[in-house]
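Visitor: Note that the protein sequences, when read in sequence, are chains F and X.
Residue numbering for the first sequence follows my numbering, beginning at 426 and increasing consecutively.
Residue numbering for the second sequence follows my numbering, beginning at 426 and increasing consecutively.
Among these hints, one or two may not hold up.
List of simulated lysine-lysine pairs, BS3-like, C-alpha gap at most 25 Å [unchecked claim]:
id, chain 1, residue 1, chain 2, residue 2
1, X, Lys785, X, Lys715
2, F, Lys663, F, Lys715
3, F, Lys715, F, Lys705
4, F, Lys435, X, Lys664
5, F, Lys663, X, Lys435
6, X, Lys715, X, Lys452
7, F, Lys553, F, Lys567
8, X, Lys715, X, Lys705
9, F, Lys435, X, Lys452
10, X, Lys435, F, Lys664
11, X, Lys553, X, Lys567
12, X, Lys705, X, Lys452
These aren't lab readings, by the way, just hints derived from the structure by calculation.
There are 2 protein chains.
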Amino acid sequence: MPSWENNVRKVVPYTPGEQPKIQGLIKLNTNENPYPPSPGVLEALSALEADSIRRYPDPASGALTEAIAAYVGVTPDRVFAGVGSDDVLAMSFLTFFASGRPVLFPDITYSFYDVWADLFRIPYETQKLDADFGIVNRDYFKENGGVIFPNPNAPTGVLKGLEGIREILDHNRHVVVIVDEAYIDFAQDAELVREGSGIPASSALNLIDSYENLLVVQTCSKSRSMAGMRIGYAVGSKKLISYLNDAKYSFNSYTMNQAAIAAGCAAFRDDAWFRECTAKIIRTRERVKKELSALGFTFPDSKANFLFVTHPVLPARELFARLRRSNILVRYFDRPGIDNYLRVTIGTDDEMDALISFLKREVEAL
Amino acid sequence: MPSWENNVRKVVPYTPGEQPKIQGLIKLNTNENPYPPSPGVLEALSALEADSIRRYPDPASGALTEAIAAYVGVTPDRVFAGVGSDDVLAMSFLTFFASGRPVLFPDITYSFYDVWADLFRIPYETQKLDADFGIVNRDYFKENGGVIFPNPNAPTGVLKGLEGIREILDHNRHVVVIVDEAYIDFAQDAELVREGSGIPASSALNLIDSYENLLVVQTCSKSRSMAGMRIGYAVGSKKLISYLNDAKYSFNSYTMNQAAIAAGCAAFRDDAWFRECTAKIIRTRERVKKELSALGFTFPDSKANFLFVTHPVLPARELFARLRRSNILVRYFDRPGIDNYLRVTIGTDDEMDALISFLKREVEAL
C-alpha cells in the first residue's frame, strides 16, 4: 500500500439498493412511488430557462420553501429544504446533536442514523423495539442529547400516534426531537387523505406550534413521486430553521439545483394529484394486507408504502432470491432480529397481483 | 434561551454572494458564465421522463461520469461526480485528510477550505502568498497531512504552471494533493482552446497518470455555464475515486438528481459550444485587462474568468458601493491583505463596456 493511503479515511463500503435496468422488472425494493409525479413537474422542467441554469440558484431555495410553507400552513421561515431528506437529516444531526450526550433512536430503524452520528462523532444509544416492533416511549425519557425516530418507523411501517409523540416530547423539553416522516402521507385512511388539509392526523406537523424543539422532516421521494429529484425538507420553529440555515450556509451555500426547486414547487401546487396517488397506494396496501394474510404471511400493521412481511414456513432469504430470479425485486436486510423478513414496496395493483400470484404458487408448493 | 438551544451547534452565519433580482443589473459578483449553456442542456431537461423522476437516480451517476471520462480521456472509474465542486471538495477533505497532521493551503484562497477543515476537525496551516499573490512552492515541502490549492487561485486568478504543480507533487508523495481547478478552462490562449483536446496545458489533469495521489477537482458552474445545476467532479487514480465513492455511499447514497445527470451529459457532448464560450470570455478578459490598466488599475495576471483589481487612488470599498448604486455588482472581500481589491467577473463585452465607462468617469472625476 502506498504511504498516502495511510491518511485516507476507510469506511465499510455500503451498497445502495439495486437500481437494475432489466426489462419487465417489478421493482418493489426501494419504496418508490409507482405513479408518476404531477404533470406540472415535467412542465416545470421543460420551462427552465438558460439564464436560470447559468446562474447560481437561490441558496435559500425561497420559491420551494414558500410552496412547502403554504402546504403546511406556516411562514416560509419555518421551512428548510435540502438534497433529499438524507441531506436534511445529516445537517440536522450536525446542527442539533452537539451536546456530547448520547442521542437516542430505535435499534431497528433507518440505517443512516448511526452512520451520521459516527460521521459527526455524536454518541448514541439505540433503544430496543417491543415484540410488535413498537417504539417504547419510556425508553426515551432518560437523559439524552437528542431523540430521533421515523414515524412510521422503517423498515417496519409501524406508526406511533400523536399522543405517543406528545408524550416523548413532554419528556424531552431540553433537547431537539426529530420526527422523520418520510412515509407519513401513507398513514391515513383513504377517505381522510381525500379531505381536509392533506396532512395526516398522526403527523407531528400538528405539534410544531406547541414544541419549539420539534423538527419534522419529510421528503418528496415517496408520496410526491420524485425520488429522482432529491428533495427533502424540515419544518419546525423559526429558531430551529434558523440554526439549520446557519449551519448550511457556513459550509455549503448552494445545494438545491434550479431543476429541483422548480419541480418541487410544481409538485406542491398540484395537491389533487398528490392526494389521488396517495389514496390509491393506501387502498392497494390494505388489499395486499388481506391477500398476504390469507397466504399465511404476518406483518406489523404498516401505515407506510411498504409491508414488512414474514412467513412461518417460507424463509425470507430464500424467498428473496426466488423472487429475484422471477424479476420481482424486494428488499432483504441481513440483520439480527429482522433477517426473516422482507420489505415489500406497494406498487401498482398489477405489480402487486404479480407478486401475490408468485407467492400463492410458492405457498401451494409447500 | 430555552435549554434545548444549549445543545445546538452555533456557527458564524455566512451570507452567500448576493443574488438580487433587479431589472437591468450587471451581475459581475459570482463568476457565473455570461453565456447560456449548450442548447442540448435545455433539450435534455425537457426530455426527462416521469419514470426517471419517480425513481431514485443511479447513485454512481454513471451516465455523467462516463461523459466526463470520455472528455478527459480516462476510464469512468477514475471520475467522481457531486453536487457542485463544494460537495466534491468537502467529501475529499473528509476522505483524504484523515491523518491528524495539518493540511496545507494558501492564506488567501477559496474561503471554504478552513470551514470544511473545522467541520471535520482536520488541523490545517495556511501558507502566505508572495508579494505578487503567488503560491510559494517550498512552503508546501514540509511534513503535512495533505495539500490543497486552487489553480488558478481564487480570488487572485494567478495560475501555477504544470512544472510548479509537479514540484509540489514530487515533495508530497505520502499525502493526497488536491488541485481545485474551478477556473482552469479559462487558463488558455483563445487560440489554444479552440484546438486540441480542450484540456488546458496547465491543467493537473495532464499529471493524473503520473501521480496516484493527485486529485483534480473541476466544476460545470463556470466554463460550462451551469452554476444553477450544481455539478462538480473529481478525476484521479482509480484508488482515489474508489475511496471517495466508499465515503459517499457510506452516508449519502443519492446526491445528484436526474436533472443534473442529464444536463451534465448534454454539456459534455457539446464540446464546440464549450470551446466557443470559453474563448469569448478569454478574449474579453484580455481586452478588459488593457482598458483597466489604461485607467490606472493594477491586478495579478488573471487566467480565470475574473480580475482581481486595485487602484492607487480609488478605495475599493467605496468603489464597490458606488458600483452597487449604479446597478453594477462586483465582489468585495473585507479581509486583511485583500481589502483594497475588487473581484470582477468577466461578463459579456457589453457588460464590461458598461463597467469600463463607469470606471472611466470615476477616474476622470479624480
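Visitor: If any of the earlier hints don't hold here, list their numbers in rising order.
Guide: 2 and 9
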